[in-house]
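Given next are the chains, with one letter for each unit.
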Amino acid sequence: MAPIRDKFTIHSKAIVCQDVELKGDITIGSGTIVHPKATIFAVAGPIVIGSGCIIEESAIIVNRRKEVMRIGDDNLFEIGCRIEAPSIGFFNTFSTRSRVHHTVRISSFCVIGANCVLAPADDDTLSDYTVVYGPSAERRTWTGKGKIQEADLRRKHAEYLREMLPKFNRLRRGDGT
Amino acid sequence: MVSNVLYHCPCLSASSVPPPPHLESSAYSFHPLHTLFFCEECDAVRCNRCVSVEVSGYYCPNCLFEVPSASVRAEKNRCARNCFMCPNCRNTLSVVPSDPPDAGDGRLSAPISTVGEPPFFLYCNHCRWDSSEVGITFEKPTGLAAQLQKLEDYAPESLEFDRLKEHFEPILPAASAALARDIPGVAKYTPHARSGRPSGKDRSANKDEMPEYKSRLDINHASTYGSGGGDVDVELMRRLEDVSEIASLEQRWNYSWSTSLETRDLKPLRIPLHSKRSKRCPACTHILIKPEQKAQSVRYKIKLVAANYLPAITVALPHQIEMLGHISAEAAKRSTKAPVDDDKDTRGGLQAGKTYPFHMSLTNPLYDPIQVRLSVQRMHVAAAVSSGEGGTIDKARRPPFAISIPTTPFSVAPFAEAWEYEDDEEMFGLDDDELEARLSGREKEPKPRSKTVGILEKRANVTVVGGEVALGKEARGEVKFNMLVAYTYRSDDPAPSEGHDISPSKKAALETKTFAFYTVVDLGNIIPKEEARIDPYDV
Chain E
1 MAPIRDKFTI HSKAIVCQDV ELKGDITIGS GTIVHPKATI FAVAGPIVIG SGCIIEESAI
61 IVNRRKEVMR IGDDNLFEIG CRIEAPSIGF FNTFSTRSRV HHTVRISSFC VIGANCVLAP
121 ADDDTLSDYT VVYGPSAERR TWTGKGKIQE ADLRRKHAEY LREMLPKFNR LRRGDGT
Chain Y
1 MVSNVLYHCP CLSASSVPPP PHLESSAYSF HPLHTLFFCE ECDAVRCNRC VSVEVSGYYC
61 PNCLFEVPSA SVRAEKNRCA RNCFMCPNCR NTLSVVPSDP PDAGDGRLSA PISTVGEPPF
121 FLYCNHCRWD SSEVGITFEK PTGLAAQLQK LEDYAPESLE FDRLKEHFEP ILPAASAALA
181 RDIPGVAKYT PHARSGRPSG KDRSANKDEM PEYKSRLDIN HASTYGSGGG DVDVELMRRL
241 EDVSEIASLE QRWNYSWSTS LETRDLKPLR IPLHSKRSKR CPACTHILIK PEQKAQSVRY
301 KIKLVAANYL PAITVALPHQ IEMLGHISAE AAKRSTKAPV DDDKDTRGGL QAGKTYPFHM
361 SLTNPLYDPI QVRLSVQRMH VAAAVSSGEG GTIDKARRPP FAISIPTTPF SVAPFAEAWE
421 YEDDEEMFGL DDDELEARLS GREKEPKPRS KTVGILEKRA NVTVVGGEVA LGKEARGEVK
481 FNMLVAYTYR SDDPAPSEGH DISPSKKAAL ETKTFAFYTV VDLGNIIPKE EARIDPYDV
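Each protein sequence line maps, in turn, to chains E and Y.
Here full-length UniProt numbering is used: position 162 in the first sequence is 162, and no number is missing along the way.
Here full-length UniProt numbering is used: position 522 in the second sequence is 522, and no number is missing along the way.
Treat the hints as calculated values from the structure; they're not laboratory data.
The structure presented is a predicted model; accordingly, all values stated were derived computationally and were not measured.
Take these hints with a grain of salt, some might be off.
DSBU-like, lysine-lysine: derived pairs with alpha carbons at most 30 Å apart [said to hold, decoys possible]:
hint	chain 1	residue 1	chain 2	residue 2
1	Y	Lys354	Y	Lys267
2	Y	Lys76	Y	Lys165
3	E	Lys37	Y	Lys333
4	E	Lys167	E	Lys145
5	E	Lys156	Y	Lys140
6	E	Lys147	Y	Lys140
7	E	Lys145	Y	Lys140
8	Y	Lys150	E	Lys145
9	Y	Lys301	Y	Lys513
10	E	Lys147	Y	Lys267
11	Y	Lys140	Y	Lys76
12	E	Lys145	Y	Lys267
In isolation and in its complexed conformation, chain E is listed as follows (with noise of 0.2 Å):
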């Protein structure tokens, strides 16, 4: 295997904590949060993360394929969870210990409900608006309702870590490897 070459592209207003596992080419956008003990694997490809994003204590992400792993904006990654998706789009919810297979192919407001294996032999593609919940991974569509408040909330959540992290954990700063 090709050395894994760390290059990292971190804009200035997100915030990663130091104690962040990164390896790989990464590229993390405004506004995204990543809390210490977080993982994120670029091993065979690189990974974009959207900006406003919110990646919690032991998520894994890992991009085991070549090509770009894209993430999108205002995406939430509860503690534990596991994603090897090939694209995610915006306003999703990862719950705790979730995983999703490299398999499947998210659009925009999905929730993943906690421990829910996403694992589906062949390809697939999560419409918009799709929960998966229960142990059995159940899935129903989401009406959308709602989603006006959880977005607010979900900003909200995101201006509170961007002040109270940096006082309690030292940052990452620049692009440093």
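Starting from the known structure of chain E, fit chain Y onto it as the hints suggest.
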């Protein structure tokens, strides 16, 4: 393959001797210690099967509000406040306001008010179901029960039920006073004056006089309202495109009445109430378990559990523990797991024809030291070993094995706080070394029998005794034997006569109580000698 010890509860039967453990029916009389209770008045063990249960209170699992029993009947065992259950995923619904009007694309110009905007609706955070899908919205976020009351009262099922109550009420005899207590709606009507208590003849006469009941709706059309299995359901099945359109069983069985089969017709339910139960001894009706009145506290006012009275016995096979230790060490070194399993089964299991030592540890829960005596119950292997075939089958069912355990009484120290045991730390360090020395010693040279059978160690309030099981060559099945545990303890007499009686009667003031109970010790399955692989015993 885990060896365990279960305790016998006689369950008010005449003989206290338990059935032999190789019989299938004996499994129901033996329980793990943590499920048993102890009645102090009767001095007997009680289990969940023989204890009498009564409800001590009702509460809503969501809002933890204790509901008085009168309201329980009135509200049909559901929470009367704003607790609703999502019909889709059975989680709790929360009341949320609607979104503010969307001015642009995500840019929020006006701040969202804290109260929120009407109309309010119920929303499930887990599966994102909301009640606007079934058309239930509210004008105010509080007092949802009242707002939904009208909807529920005029449902066809409730009206039908009310009509049934009205119909049956005049026919009931003077015993309707009891009924009035049970169903609140009936109390309004004055009971008919019947002459005396109706005898059998009168009752039949009453039946003939009973007017015919006319239901509100014709029964033929009833299938439009519920899953009656009528034509409506058949039509539904014909039109079905996706199986998720049909409500699953878990979604439907919480409803009081049968509802329609379609998922989209499922309405939010009020959360059913849970109950807190108190348990009584069946013989003397002494309360054994009484929970606290508050719904959120998990403690008990009265808690007479057997674990506080009976010594806890655990059994372990040291060669198994040693094997597991070796295996985990080996597994850490290598990556494949396939060859290890076979070894574990043959080396760690009980092989026919061999003799295995086992350790039993007894933990004393009382504040006084106890003297314990163990004895193995004689198992009557029936003398039906007559013909050849019948003989081998019987032999297969009752494995011949011999148990030897120490029969002399031994003491177990009383329970005390951890810091009161002085040489605790040294003991713990010594234990591993001692045990290792014993195990390795046993492998090197055959130790005299007294070392494996007998009291092995005493630390804190635990005593470990060793026993041996010798398996016959043709042994099959499980190694299970009943063991009688008798223990005596001194309970201090609280009478204030100690001041006057000085010398010899001081000891007489202390009572020595004896209690005996049966247990079954299960050491595991025997691996027969002929085959090294596991044979499925589905006899």
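Going down the list of hints, with the structure as the test:
no.	hint	result
1	Lys354/Y <-> Lys267/Y	violated, 65 Å
2	Lys76/Y <-> Lys165/Y	holds, 15 Å
3	Lys37/E <-> Lys333/Y	holds, 29 Å
4	Lys167/E <-> Lys145/E	violated, 35 Å
5	Lys156/E <-> Lys140/Y	holds, 26 Å
6	Lys147/E <-> Lys140/Y	holds, 21 Å
7	Lys145/E <-> Lys140/Y	holds, 18 Å
8	Lys150/Y <-> Lys145/E	holds, 26 Å
9	Lys301/Y <-> Lys513/Y	holds, 26 Å
10	Lys147/E <-> Lys267/Y	holds, 22 Å
11	Lys140/Y <-> Lys76/Y	holds, 25 Å
12	Lys145/E <-> Lys267/Y	holds, 18 Å
Consistency note: the structure conflicts with the earlier hints numbered 1 and 4.
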